[in-house]
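As you go down the protein sequences, you meet chains A and B in turn. Position one of the first sequence corresponds to residue 1 (the numbering used here), numbered consecutively onward. Position one of the second sequence corresponds to residue 1 (the numbering used here), numbered consecutively onward.
Where hints are given, some of them may not hold.
Claimed, not checked - Non-contacting residues of chain A with respect to chain B, defined by C-beta distances greater than 10 Å in every case (computed):
1) Asp-13
2) Glu-49
3) Arg-68
4) Leu-78
5) Trp-93
6) Asp-100
7) Asn-119
8) Leu-126
9) Val-128
10) Ile-153
11) Arg-220
12) Asp-236
13) Gln-242
Claimed, not checked - Taking lysine to any residue and the SDA-like style, the derived pairs with C-alpha atoms no more than 25 Å apart in a straight line are:
14) Lys-295/B / Asp-221/A
15) Lys-54/B / Val-66/A
16) Lys-234/B / Asp-197/B
17) Lys-54/B / Asn-60/A
18) Lys-208/A / Leu-78/A
19) Lys-282/B / Val-66/A
20) Lys-208/A / Lys-282/B
21) Lys-123/A / Asn-60/A
22) Lys-212/A / Asp-197/B
23) Lys-54/B / Lys-212/A
24) Lys-234/B / Ala-204/A
25) Lys-212/A / Gly-268/B
26) Lys-165/A / Asp-197/B
Stated by the list, open to error - Chain A stretches covered by chain B per the calculated footprint, using a threshold of three residues with CB under 8 Å from any CB of chain B:
27) 23-36
28) 59-67
29) 221-234
Since the hints were made in silico from the structure, they are not lab data. All values derive from a computational prediction rather than experimental measurement. Quick reminder that beta carbons are idealized off the backbone N, C-alpha and C, glycines included.
What follows is each chain in one-letter form.
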Amino acid sequence: MATPDVQYLSSGDTALTVQFGTVIERELNSRIVALGHSIAQAAIAGVSETLPTYRSLLVNYDPLVVTRDELVAQLQPLIESPPEAGDAAPAHWQIPVCFDSDLAPDLAHVAAASGLDENEVIKAMLEVTHHVYMLGFAPGQPYMGDLPPALNIPRRENPVARVEKGSVVTATGLTIIYAVPNPTGWHVVGRTPVEIFNLAREEAILFKPGDKVRLSRIERDEFDELTAQVDDGSFDMTRLRQP
Amino acid sequence: MSAGLEVISPGLMTSVQDRGRFGYQALGISVSGALDTDSFDIANALVGNESGNKVGTGALEIRMLGPTLKVTADSVTVALAGTATAIEVVAPEREVISACRSVTLLKGQVFRVGAVSDSAVCYLAVHGGFDLPPIYGSQSTCMSAGFGGFHGRILEKGDCLPLRQPVSGSSSQRILRRPPDPDNSPFIRVVAGPQDDYFSTAGIKTFFETGYTVSQAVNRMGMRLEGAAVTHEKGYNIASDGIVRGAIQVPGNGLPIILMADCQTTGGYPKIATVISSDMPKLGRMMPGTDIRFKAASVAEAEAVARERHERQAALIGAIERFSGSVEQLEHLLMTQNLISGVTAG
Numbered sequence: 001m002a003t004p005d006v007q008y009l010s011s012g013d014t015a016l017t018v019q020f021g022t023v024i025e026r027e028l029n030s031r032i033v034a035l036g037h038s039i040a041q042a043a044i045a046g047v048s049e050t051l052p053t054y055r056s057l058l059v060n061y062d063p064l065v066v067t068r069d070e071l072v073a074q075l076q077p078l079i080e081s082p083p084e085a086g087d088a089a090p091a092h093w094q095i096p097v098c099f100d101s102d103l104a105p106d107l108a109h110v111a112a113a114s115g116l117d118e119n120e121v122i123k124a125m126l127e128v129t130h131h132v133y134m135l136g137f138a139p140g141q142p143y144m145g146d147l148p149p150a151l152n153i154p155r156r157e158n159p160v161a162r163v164e165k166g167s168v169v170t171a172t173g174l175t176i177i178y179a180v181p182n183p184t185g186w187h188v189v190g191r192t193p194v195e196i197f198n199l200a201r202e203e204a205i206l207f208k209p210g211d212k213v214r215l216s217r218i219e220r221d222e223f224d225e226l227t228a229q230v231d232d233g234s235f236d237m238t239r240l241r242q243p
Numbered sequence: 001m002s003a004g005l006e007v008i009s010p011g012l013m014t015s016v017q018d019r020g021r022f023g024y025q026a027l028g029i030s031v032s033g034a035l036d037t038d039s040f041d042i043a044n045a046l047v048g049n050e051s052g053n054k055v056g057t058g059a060l061e062i063r064m065l066g067p068t069l070k071v072t073a074d075s076v077t078v079a080l081a082g083t084a085t086a087i088e089v090v091a092p093e094r095e096v097i098s099a100c101r102s103v104t105l106l107k108g109q110v111f112r113v114g115a116v117s118d119s120a121v122c123y124l125a126v127h128g129g130f131d132l133p134p135i136y137g138s139q140s141t142c143m144s145a146g147f148g149g150f151h152g153r154i155l156e157k158g159d160c161l162p163l164r165q166p167v168s169g170s171s172s173q174r175i176l177r178r179p180p181d182p183d184n185s186p187f188i189r190v191v192a193g194p195q196d197d198y199f200s201t202a203g204i205k206t207f208f209e210t211g212y213t214v215s216q217a218v219n220r221m222g223m224r225l226e227g228a229a230v231t232h233e234k235g236y237n238i239a240s241d242g243i244v245r246g247a248i249q250v251p252g253n254g255l256p257i258i259l260m261a262d263c264q265t266t267g268g269y270p271k272i273a274t275v276i277s278s279d280m281p282k283l284g285r286m287m288p289g290t291d292i293r294f295k296a297a298s299v300a301e302a303e304a305v306a307r308e309r310h311e312r313q314a315a316l317i318g319a320i321e322r323f324s325g326s327v328e329q330l331e332h333l334l335m336t337q338n339l340i341s342g343v344t345a346g
């Protein structure tokens, strides 16, 4: 792949937004995640951490240690060199989701907006192998894509004040699973009993950027049973991993 | 329950904060931490806490109205910074301890920080810090995700804050005789971007040339401003990207929101500018109703300001003096200060 034409955007005096493009695209996103690994390996003095998103990498730095110009000079060769492989290969996950109407209050709206019926919406979401573009907004919360074009529907005009953790929401052809209760501007189409963030677990956060996620449909009785297992700590997390 | 400080009354919004939670933004973990890091550092230095590491030692961030606390450890050394409000010992005997000096209080003493009218936040540090587990390397309270600090929330009546080193009373105290003068100018310096190209020329002009006021909608996540709407040119939705503290996002209604310490890690509104790191403590101190004027700065200027601020802050902390803790010596110290001030003023 050719060296991407990057832009260095200033995020104040403590961070640089290294922008690879303006669209959401997997290849671009993979380059960004890889650049994050390269920067970590290079251990550039003053760089404290990086944050990969769809189409840019936020590079946080200490202006007392490295200036913006010095930083750009050190980043440029890393961008031009072949991307480093990350520490770990992408993991494959299968996440159980219940689509019962009380857990999926916006399913009818999504169906109407996309021109599909509710079962077709569910089927489309189950058929996609989601790519985790980024974690953001809340701990471990995955932004995943891509759904078929019909599901490229706008966000809500008015956000709702609270959705529960585990809510599976969609808009703009993307899917998010909520890590903690939060307001949302997206449409709630299902819920998983799985806690994607739980500090009591050894691995508090389930996903990492680059992981692949499939949703699998469960009925209400199984949802309730798995919820009870999650609550009493007996839920077997290993069942979520796909070979 | 380990001995420490018992919360008799929690105040308006009191939380444990250190300098922040660094290294986990890629996982969606917010940085959090003190809004006014300058005053936070002074409070910690006044109680003799090391400031060598980046994260610092957790202290209580007080908002508008402070807590009333009872000492349940044998003793505790505390100091308040970021305000001219005093610590009031209310029981068993009344005593007033001015800000910017440490005091050692003994088991059974009850003290409080009342209404704070000169800053939105101030800091009560304790010698040795609190015995609370660091989560992702920090004791800062992340309220949105409900972890860190004291059970991931603001203090409530009846809480008991455990102390890391409940030491026996030391007679040596510290004082900062000349705290920095509060900067009451409305100017907040910003670096344009990362998405200033999403705004019309008129919108950019509005942003820099009209004044804004801090609205009532201000918390640790963000500060909504009132004033003239900034017009977009390329819409107000971007593919979400990373956010830093101080980023100024402009949603559809055109009214800027400055993102503060507890802000989410990513967001989908274009960001017209970013407050320079050196002006973030000042911003954190601003109360609803305060006027703000944005002033453009280059990154190079902001870097120079950051170096100056670092030196100024080091000089302030270096100016902290030890004294025996006796009333006589304190009076002498304060008298010397008055004499010197008198000479300078004359």
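Next pair to validate is Lys-208/A with Leu-78/A; report whether the Cα-Cα distance is within 25 Å.
holds (22 Å)
For Glu-49/A, is the shortest beta carbon distance to chain B beyond 10 Å?
Answer for Glu-49/A: violated, closest chain B Cβ roughly 5 Å.
Are three or more residues of the stretch 59-67 of chain A within 8 Å, CB to CB, of chain B?
With 4 residues close enough to chain B, the hint holds.
Pair hint Lys-54/B and Val-66/A, alpha-carbon separation not exceeding 25 Å:
holds (16 Å)
State whether the coverage of the stretch 221-234 of chain A by chain B holds or is violated, taking the criterion as 3 or more residues with Cβ-Cβ distances under 8 Å.
violated (count 0)
Hinted pair Lys-54/B and Asn-60/A, Cα distance within 25 Å:
holds (14 Å)
Taking 10 Å as the cut and beta carbons as the points, is Arg-220/A off the interface with chain B?
holds (27 Å)
Given pair status - Asp-197/B, Lys-165/A, alpha carbons within 25 Å:
Judged against 25 Å, a Cα distance of about 36 Å means the pair is violated.
Minimum C-beta separation from Leu-126/A to chain B exceeding 10 Å: can you confirm that?
The assertion about Leu-126/A holds, with a minimum of 25 Å to chain B.
Just checking, Asp-13/A versus chain B, shortest CB gap more than 10 Å?
Asp-13/A is in fact no farther than 10 Å from some Cβ atom of chain B, at 4 Å.
Within a Cα-Cα threshold of 25 Å, do Lys-123/A and Asn-60/A meet the stated pairing?
violated (41 Å)
For Arg-68/A, is the shortest beta carbon distance to chain B beyond 10 Å?
violated (5 Å)
Hint check: violations occur at hints 1, 2, 3, 14, 20, 21, 22, 23, 24, 26 and 29; the rest are consistent with the structure.
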